[in-house]
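S.K.: One letter stands for each residue in the lines below.
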Amino acid sequence: MKWQAAMKRLGLLAGALVLLTACGGGGTTSTVNAATAKSAADVGGISALVTAAKKEGKLNIIATPPDWANYGAIIDGFKAKYGISIDSANPNGSSQDEINAVKQLGKTSRAPDVLDMGKAVTLANTELYAPYKVQTWNDIPDSQKESTGLYVQDYGGYMAIGYDSGKVPAVTSLKDLLGSGFRGKVALNGDPTKANAALNGVMMASIANGGSADDISKGVDFFHQLKLKGNFTPVQATTATVKQGQTPVVFDWDYLSASHGTDVPTWKIFTPSNAILGDYYNAAINKNAPHPAAARLWEEYVFSDVGQNFWLKGLARPVRMAAMQSSGKIDSAAAAKLPPVNGTPVFLTDAQATKAKDYLASHWAQAIG
Amino acid sequence: MRRPLGGGRRLATPQWIAAAPFFLYVGIFLLLPTAIVVGGAFVDSNGLSLSNFASMNQRFVINAFINSVVLSATSAIIGAVFGALLAYAVATGNPNGVFRRLVSSACGVLAQFGGVTLAFAFIATIGGAGFITLWLQQQGMNIYANGVWLYQLRGLVLVYTYFQIPLMVLVFLPALDGIRPQWREATESLGGGTWHYWRYIAGPLLAPAFFGGTLLLFANAFSAYATAAALINQGSIIASLLIANTLTSEVGLANPGIASALALVMVVLVAIVMVLYTVLQRRTSRWLQ
Numbered sequence: 001m002k003w004q005a006a007m008k009r010l011g012l013l014a015g016a017l018v019l020l021t022a023c024g025g026g027g028t029t030s031t032v033n034a035a036t037a038k039s040a041a042d043v044g045g046i047s048a049l050v051t052a053a054k055k056e057g058k059l060n061i062i063a064t065p066p067d068w069a070n071y072g073a074i075i076d077g078f079k080a081k082y083g084i085s086i087d088s089a090n091p092n093g094s095s096q097d098e099i100n101a102v103k104q105l106g107k108t109s110r111a112p113d114v115l116d117m118g119k120a121v122t123l124a125n126t127e128l129y130a131p132y133k134v135q136t137w138n139d140i141p142d143s144q145k146e147s148t149g150l151y152v153q154d155y156g157g158y159m160a161i162g163y164d165s166g167k168v169p170a171v172t173s174l175k176d177l178l179g180s181g182f183r184g185k186v187a188l189n190g191d192p193t194k195a196n197a198a199l200n201g202v203m204m205a206s207i208a209n210g211g212s213a214d215d216i217s218k219g220v221d222f223f224h225q226l227k228l229k230g231n232f233t234p235v236q237a238t239t240a241t242v243k244q245g246q247t248p249v250v251f252d253w254d255y256l257s258a259s260h261g262t263d264v265p266t267w268k269i270f271t272p273s274n275a276i277l278g279d280y281y282n283a284a285i286n287k288n289a290p291h292p293a294a295a296r297l298w299e300e301y302v303f304s305d306v307g308q309n310f311w312l313k314g315l316a317r318p319v320r321m322a323a324m325q326s327s328g329k330i331d332s333a334a335a336a337k338l339p340p341v342n343g344t345p346v347f348l349t350d351a352q353a354t355k356a357k358d359y360l361a362s363h364w365a366q367a368i369g
Numbered sequence: 370m371r372r373p374l375g376g377g378r379r380l381a382t383p384q385w386i387a388a389a390p391f392f393l394y395v396g397i398f399l400l401l402p403t404a405i406v407v408g409g410a411f412v413d414s415n416g417l418s419l420s421n422f423a424s425m426n427q428r429f430v431i432n433a434f435i436n437s438v439v440l441s442a443t444s445a446i447i448g449a450v451f452g453a454l455l456a457y458a459v460a461t462g463n464p465n466g467v468f469r470r471l472v473s474s475a476c477g478v479l480a481q482f483g484g485v486t487l488a489f490a491f492i493a494t495i496g497g498a499g500f501i502t503l504w505l506q507q508q509g510m511n512i513y514a515n516g517v518w519l520y521q522l523r524g525l526v527l528v529y530t531y532f533q534i535p536l537m538v539l540v541f542l543p544a545l546d547g548i549r550p551q552w553r554e555a556t557e558s559l560g561g562g563t564w565h566y567w568r569y570i571a572g573p574l575l576a577p578a579f580f581g582g583t584l585l586l587f588a589n590a591f592s593a594y595a596t597a598a599a600l601i602n603q604g605s606i607i608a609s610l611l612i613a614n615t616l617t618s619e620v621g622l623a624n625p626g627i628a629s630a631l632a633l634v635m636v637v638l639v640a641i642v643m644v645l646y647t648v649l650q651r652r653t654s655r656w657l658q
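Residue numbers (the working numbering), protein chains in the order written: chain A, 1 to 369; chain B, 370 to 658.
Hint data in this document are derived by calculation from the structure and do not stem from the laboratory. Heads up, the beta-carbon is just placed ideally off N, CA and C, and yes, glycines get one too. Among the clues, some could well be false.
[Stated by the list, open to error] Listed next, the stretches of chain B that the computed footprint assigns to chain A, with coverage defined by at least 3 CB atoms under 8 Å from CB atoms of chain A: (1) 517-524; (2) 533-547; (3) 598-604; (4) 611-618.
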């Protein structure tokens with residue numbers, strides 16, 4: 001009966017494993033504290049939060065590409081400062097992918113700790129976040145944060161047209177893009193029924209063509225014209241397609257577009273003065289975060305002067321920019337490099353964003369198909 | 370002589386044990402997902418409902434299905450015709466020749482050459498900045514003068530044909546091999562010509578295999594996702610892309626219930642096609658094989 005002995009041994013091993021995982025899951029008492037902490041003070045101050053986070057030793061982030069708004073530097077900075085390793089999942093995923101991961105991975109150790117999402121997705125899933133107020137909470141304008149700290153706008157920018165001036169003529173208005181020099185060259189950063197950046201690209205085109213934040217149809221018409229002229233290319237613009245030359249003209253956030261300058265020195269950015277469309281991303285903490293202290297410490301880090309200046313170096317506009325300008329903590333060299341914006345920016349309200357996406361759902365495929 | 374070890378116990382082991390891993394595999398990777406899709410299709414935020422199907426009665430959803438069917442049918446017919454011709458060329462050649470070995474092993478590889486790798490092969494060669502595209506431009510020819518058609522439905526037909534033709538060769542060749550030279554000789558000794566042979570003997574015998582193969586190609590193209598996803602980023606023009614979009618949209622259009630309903634419609638369509646395929650397959654095996 002050798003196999004019985006083997007089974008016994010296997011059973012013991014399994015039992016030991018269960019014990020081990022149980023220890024890993026709820027062994028530390030301070031994490032219980034961190035999981036419900038609504039501010040650093042709740043865990044006994046920032047240094048207690050740092051200690052608890054270091055004990056967890058790990059942070060799961062998702063859909064944060066290193067070439068997006070300088071995230072690479074922020075991730076490295078956080079790792080270097082606290083010695084906490086970062087697991088960056090699905091870097092090119094969408095905001096909805098982040099939410100799907102939160103739901104599917106539940107309370108497992110692989111679930112994302114922190115989220116960074118576009119507006120529509122953020123608002124649709126507020127029951128998944130833990131409220132938390134960072135130490136710099138008061139610097140953030142009230143219109144840019146949820147009052148209990150469920151989600152907070154972190155960085156943003158304006159919709160712009162980036163183009164390789166070595167490959168296409170200079171762009172001075174949207175109408176230029178209909179010209180023959182742009183055959184098969186104009187791209188969006190994603191499908192507007194799927195990606196927030198692309199939706200705003202179409203919206204910007206709409207505002208520039210006589211539409212308004214309430215009416216995206218003029219933008220859809222514009223892309224339909226581009227398509228009829230053969231100027232629209234259905235390739236998703238990425239750092240790679242820009243570098244390779246497949247997408248020499250891209251509608252994208254100015255801070256994302258600006259990063260193409262590293263690969264393509266002739267890359268230029270144009271923001272039409274009659275259509276300045278802004279948007280901010282939103283930071284939130286997963287309420288089931290497997291590393292609750294590290295998650296909160298990450299938020300403290302990205303909303304600190306250091307973190308906010310990292311975004312600024314990535315040419316994104318950090319949410320505390322105004323406050324940091326008045327306190328003199330802003331990286332003024334980086335601020336001076338931001339693409340200039342002349343005019344009054346428009347920010348979509350939730351109702352306007354909903355209206356736009358519903359219109360796109362039924363009209364986009366036909367316009368460019 | 371020693372009895373084989375464990376020989377006495379064999380009787381006690383149920384025969385299905387050997388097939389258990391197969392059933393486990395099918396259960397986890399086919400039946401369970403299907404059950405989830407069926408279940409999800411009839412549930413919305415208010416519980417049990419048919420609303421997911423109601424929201425499918427929209428122009429863009431119907432168009433996606435029409436596009437899927439057109440794409441699958443076109444690539445299946447092109448694949449079937451050219452695949453059958455190639456298979457015929459192979460079947461009439463030397464059965465141990467280099468040509469046959471070359472074609473059948475190439476087809477074995479290429480029939481499975483789909484997804485991102487295939488899309489990349491096309492993007493790198495005839496994509497907007499592909500090397501052939503650029504070379505042709507230097508010669509004064511612009512294949513994309515009227516828009517980059519590779520990233521549209523037409524482009525997908527071309528790309529799908531690349532794995533459809535080899536697949537047709539693989540499924541049609543055994544049927545051609547089943548045709549016996551004696552039948553032709555019999556036709557001739559009875560005074561029939563080539564026309565009679567094809568019209569009354571080979572044609573009717575091969576037709577079920579040909580149409581069965583075409584249906585298989587249809588189902589193959591209909592369910593393909595990765596190739597299209599890697600090529601086409603705009604508009605979710607075919608059903609499989611639309612499902613992906615309904616699962617991942619970050620602008621608030623994500624709705625897993627509708628995605629399940631769409632998937633269920635695809636499952637039903639493919640099931641119909643596969644039932645027809647099985648019927649034709651049975652007819653084929655009556656004479657050939």
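S.K.: Would you say the segment 533-547 of chain B counts as covered by chain A, given the rule of at least 3 residues with C-beta under 8 Å?
M.R.: Violated, because only 0 residues of the segment 533-547 of chain B bring their Cβ atoms closer than 8 Å to Cβ atoms of chain A.
S.K.: Using a Cβ cutoff of 8 Å, are there at least 3 residues of the segment 517-524 of chain B near chain A, or does the coverage claim fail?
M.R.: It holds: at least three residues are needed, and the segment 517-524 of chain B offers 4 whose Cβ sits within less than 8 Å of chain A.
S.K.: Between the segment 611-618 of chain B and chain A, are there enough contacts, at least three residues with CB-CB distance under 8 Å, for the coverage claim to hold?
M.R.: holds (count 4)
S.K.: Given that the segment 598-604 of chain B was listed as covered by chain A, double-check it with a C-beta distance under 8 Å for 3 or more residues.
M.R.: Contact hint for the segment 598-604 of chain B vs chain A: holds, 4 residues under 8 Å.
Violated hint: 2 only; the structure is consistent with all others.
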